[in-house]
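Asker: In case you want the letters, here they are:
6 protein chains.
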Amino acid sequence: MPYILIQITKENVTTAQKQQLIQEATDLVVRVLHKDPATTFVVIDEVDTDNWGVAGESVSTIRNRQRIGK
Amino acid sequence: MPYILIQITKENVTTAQKQQLIQEATDLVVRVLHKDPATTFVVIDEVDTDNWGVAGESVSTIRNRQRIGK
Amino acid sequence: MPYILIQITKENVTTAQKQQLIQEATDLVVRVLHKDPATTFVVIDEVDTDNWGVAGESVSTIRNRQRIGK
Amino acid sequence: MPYILIQITKENVTTAQKQQLIQEATDLVVRVLHKDPATTFVVIDEVDTDNWGVAGESVSTIRNRQRIGK
Amino acid sequence: MPYILIQITKENVTTAQKQQLIQEATDLVVRVLHKDPATTFVVIDEVDTDNWGVAGESVSTIRNRQRIGK
Amino acid sequence: MPYILIQITKENVTTAQKQQLIQEATDLVVRVLHKDPATTFVVIDEVDTDNWGVAGESVSTIRNRQRIGK
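Chains as they are written, first to last, in my numbering: chain A, 1 to 70; chain B, 1 to 70; chain C, 1 to 70; chain D, 1 to 70; chain E, 1 to 70; chain F, 1 to 70.
FYI, nobody ran anything at the bench for these hints, they're computed from the structure. Among these hints, one or two may not hold up.
A pair holds if it fits inside one copy or across any two, identical chains being indistinguishable in the list.
Computed list of lysine to aspartate or glutamate pairs in DMTMM-like fashion (alpha-carbon distance at most 20 Å, straight line) [to be verified]:
| no. | residue 1 | residue 2 |
| --- | --- | --- |
| 1 | LYS10 | GLU46 |
| 2 | LYS35 | ASP48 |
| 3 | LYS35 | GLU11 |
| 4 | LYS10 | ASP45 |
Given only the sequences and the hints, what does the whole structure look like? Please build it.
Answerer: This is the structure we're talking about:
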């Protein structure tokens with residue numbers, strides 16, 4: 001009965017990528033822990049880049065610097 | 001001081017339904033655990049059907065099949 | 001396909017109380033949102049009173065003051 | 001390697017306020033627990049006022065009453 | 001910068017299984033979303049079977065019935 | 001009405017450190033967002049080092065290598 005939360009920044013994740021995450025994350029707990037896929041949940045939470053911080057900065061700030069740096 | 005998270009798919013949940021969830025979930029921990037309602041939080045998290053997977057498939061995929069199957 | 005998290009302080013919650021929380025929280029989303037109980041999860045997370053803060057104080061500190069105040 | 005979730009109601013939080021929350025929450029775990037800021041995440045989750053309940057009522061309901069009461 | 005939470009019942013999960021979950025869940029977001037593994041967190045949360053409910057019953061109750069049924 | 005979750009590895013965090021985290025995290029949302037401390041929750045979740053992964057490895061594995069490397 002696993003519950004898997006995949007929290008990521010909202011940066012153009014496609015429906016196909018989401019389907020792959022759901023399928024493979026489910027497969028992972030079925031394979032490794034012998035869980036029943038019928039009661040395995042995968043929730044993908046996409047977070048605005050303004051709302052995610054790493055090393056004390058928002059991902060928006062980090063992405064802006066990366067763009068300028070190119 | 002309970003914190004209750006109700007995570008569901010975003011499928012036309014009405015304001016009245018949300019109010020009922022908040023009221024009854026609060027009442028549940030007050031009744032069963034004698035908690036103070038003043039410090040009981042209920043958070044409803046509505047998740048896009050593309051972002052919720054069950055049995056290795058997104059709820060969007062499952063809903064599409066259910067519609068066709070009718 | 002709801003996922004319900006009930007986070008509370010670890011203060012002698014009995015098995016019977018946990019069963020009642022699980023049963024009634026499941027019933028709540030079945031009744032209000034017409035969800036399938038078979039794919040409704042309820043997770044109870046019991047948190048040490050040292051690890052839960054309200055109003056800037058740990059619940060341990062609050063409970064100690066309440067005991068002395070009696 | 002801390003993960004800090006700051007869940008608040010969605011009520012006109014500015015980008016500057018979000019940056020301050022990210023910076024100071026990161027600084028807090030670096031200062032108190034000597035954690036590495038490079039692997040410290042801060043996630044701000046803004047919740048619609050219809051979806052957050054306190055004392056059995058939604059924050060929307062509470063805010064409406066506060067507005068009328070003024 | 002993904003954060004992956006794998007919440008499962010506490011039922012004799014080995015250190016080797018945990019390592020495999022961490023390695024493969026990290027690999028999944030690196031492969032599908034091109035994320036940096038250095039800032040990918042995986043947290044495994046093991047929940048007591050008394051504290052996890054499915055279909056209105058605790059997993060403890062379900063496991064007891066399964067044992068008797070054998 | 002903020003809810004702040006501070007998730008860290010379980011590595012000898014003292015009661016005094018927990019109290020400081022609770023006090024300063026509460027103060028942060030009061031100062032920056034003008035929230036009411038009476039309805040501000042801080043939950044500290046200490047995770048076993050076997051159950052936390054970074055860069056595809058458990059923190060236990062990383063700590064062992066750091067000890068040998070000294």
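Asker: Take the hints in turn and mark each one as holding or not.
Answerer: Here is how each hint holds up against the structure:
In the homo-oligomer, the alpha carbons of LYS10 and GLU46 lie at most 20 Å apart both inside one protomer (5 Å) and across protomers (14 Å), since each shortest distance falls under that limit. For a Cα distance limit of 20 Å, the shortest separation of LYS35 from ASP48 across copies, 16 Å, qualifies, whereas the shortest one inside one copy, 32 Å, does not. In this assembly of identical chains, LYS35 and GLU11 lie within 20 Å of each other by CA distance solely across copies; the values are 11 Å between and 31 Å within a copy. For the identical chains of this complex, LYS10 and ASP45 are neighbours both inside a copy (8 Å) and across copies (13 Å), given an alpha-carbon limit of 20 Å.
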